[in-house]
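Starting from the given sequences, assemble the full structure and let the hints guide the process.
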Amino acid sequence: MTKIIIDGKTYDVNPKKNLLEICLSIGLDLPYFCWHPELGSVGACRQCAVTRYHDEKDTE
Amino acid sequence: MERPLTKNIRPGQPPLDLKEYERAGGYQSVKKCLKEFQPKEVTKIVQDSNLKGRGGAGFNTGMKWSFVPMNGDIKQKYLVANADEMEPGTFKDRILLEGDPHLLIEGMIVSAYAMQASTGYIFIRGEYTEAAEILRKALSEAYNAGYLGKNILRSGFTFDLHIHTSVGRYMCGEETGLLNSLEGKRAIPRVKPPFPQVSGLFGKPTIVNNVETLCNVPHIINNGPVWFKNLSRTDDGGTKLYGVSGKVKKPGAWELPMGTTIREILEEHAGGMMDGVKFKGVLPGGASTDFLVEEHLDVKMDFTNLMKAGSRLGTGTMIVLDDKTCPVGFVHNMERFFAQESCGWCTPCREGLPWVEKILRTIDSGDGTLEDIDLLLFHTKYLGPGNTFCALAPGAMEPLQSALKYFMDDFKRHITQRGCPWRH
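Respectively, the protein sequence lines represent chains P and S.
Taking the numbering used here, I'd label the letters of the first sequence as residues 161 to 220.
Taking the numbering used here, I'd label the letters of the second sequence as residues 13 to 436.
In short, the hints are calculated from the structure, not lab data.
None of these values were measured; they are calculated from a predicted model.
A hint or two may mislead.
[Stated by the list, open to error] List time: in silico DMTMM-like cross-link candidates among lysine to aspartate or glutamate, alpha-carbon distance up to 25 Å:
| hint | chain 1 | residue 1 | chain 2 | residue 2 |
| --- | --- | --- | --- | --- |
| 1 | S | K87 | S | E195 |
| 2 | S | K204 | P | E181 |
| 3 | S | K290 | S | D335 |
| 4 | S | K197 | P | E181 |
[As the list claims (entries may be wrong)] If we take Cβ atoms under 7 Å as the criterion, some of the chain P residues that face chain S in the derived model are:
| hint | residue |
| --- | --- |
| 5 | A204 |
| 6 | C205 |
| 7 | R206 |
Ideal Cβ placement from N, Cα and C applies to all residues, glycine included.
See the structure below:
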């Protein structure tokens, strides 16, 4: 398990799963279109894109 | 001044056939490699020469080859020549394909030996029918002479080479889009990693190199990396095929030392601007590079220096904008091309480019508003690097963002005068 911070809240998550799957499984409402659990990750529609920060100091 | 790439090319005459090519020193590098060098040594020589990919990205060619697994377990590897030259304003590979087909074949044999590829493809743009015909003839000559096929020159090395004529999409020039197309699939880019060097055509290690890049390889093997570096006026090795189109006196292409300045190419080789028009700006390396203007004329045309000036070498074939041509119409024309050529795979490019094209059309026809300029600026960020699968959309934004930077007054004049000032 690994730690991840989304919107200021810390979650323990499985590092092998992709970020969209994790967000959905902890109940966050992230819009998506081209992903399906049986078909895997495509990433073409860009709808579920989120901003990734390196650490607390990274604000860009 | 040495011109290794074009020394055999005789404009207006058919290319050298195999006998003439051999008499001019052809296929020496194949003999030399198979006799004297291990595959890894060939890669090292090319890496030391600092030959950088001539398709536009400018990555060290030998370095790219060095990523191919060489542990002998993998029986099938591929080498692909990217001859899908479709960048607007670019015609340099065509000169090499039609002018000296054996040079490309020779370069491919040596490159295939370096990575131990047993099969190669020349992926050629569909419209280049004459080049394909010339290549087919050269290919059969090379097979008959034992330079291609099984056990080349009794060395034990086997390399089969095929010609694949594309049906013509800009997208096929993108490395992974090309590989999908070659597999018979829709030409869309693949996620990287894995990179083609590890998993490319049909899932096997594959190197895709530009035609001009491959044509440099035989000369590097024959003359050594130091000779190649010394051809250049800067740190990027070799010579370069530079081209100029636009309203200049003598549009054309010339092989010159890497690092020749824009001014020298424009004034000495292209004969300067036509009478009655003035230089306004230039796209130094095809349509998907940033505009440069008067203050940049003394910039050396190589990968490093053009990057510092805020543009890219791209294909090295420049398109000149003059003061009698509307920059908004000029950019609109190019964005229409990019919007049509978007492969439709990822959303920012598929949706964003047609919007950019529509906004530019609106401004050009006089119905634009000042908010439209903000919308264009927004798109240059949103379709920028990192937001799309491949470099098509970021490339399409380069002429737009730089046009907005240097010719903003002209965009605003279209809006305030409610029409194109060049049409009145």
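Against the structure, the hints come out as follows:
1. K87(S) / E195(S): 19 Å, holds
2. K204(S) / E181(P): Judged against 25 Å, a Cα distance of about 21 Å means the pair holds.
3. K290(S) / D335(S): 5 Å, holds
4. K197(S) / E181(P): 29 Å, violated
5. A204: 5 Å, holds
6. C205: 5 Å, holds
7. R206: This hint holds: R206(P) lies near chain S, its Cβ roughly 5 Å from the closest one there, short of 7 Å.
In summary, the one numbered hint that this structure violates is 4.
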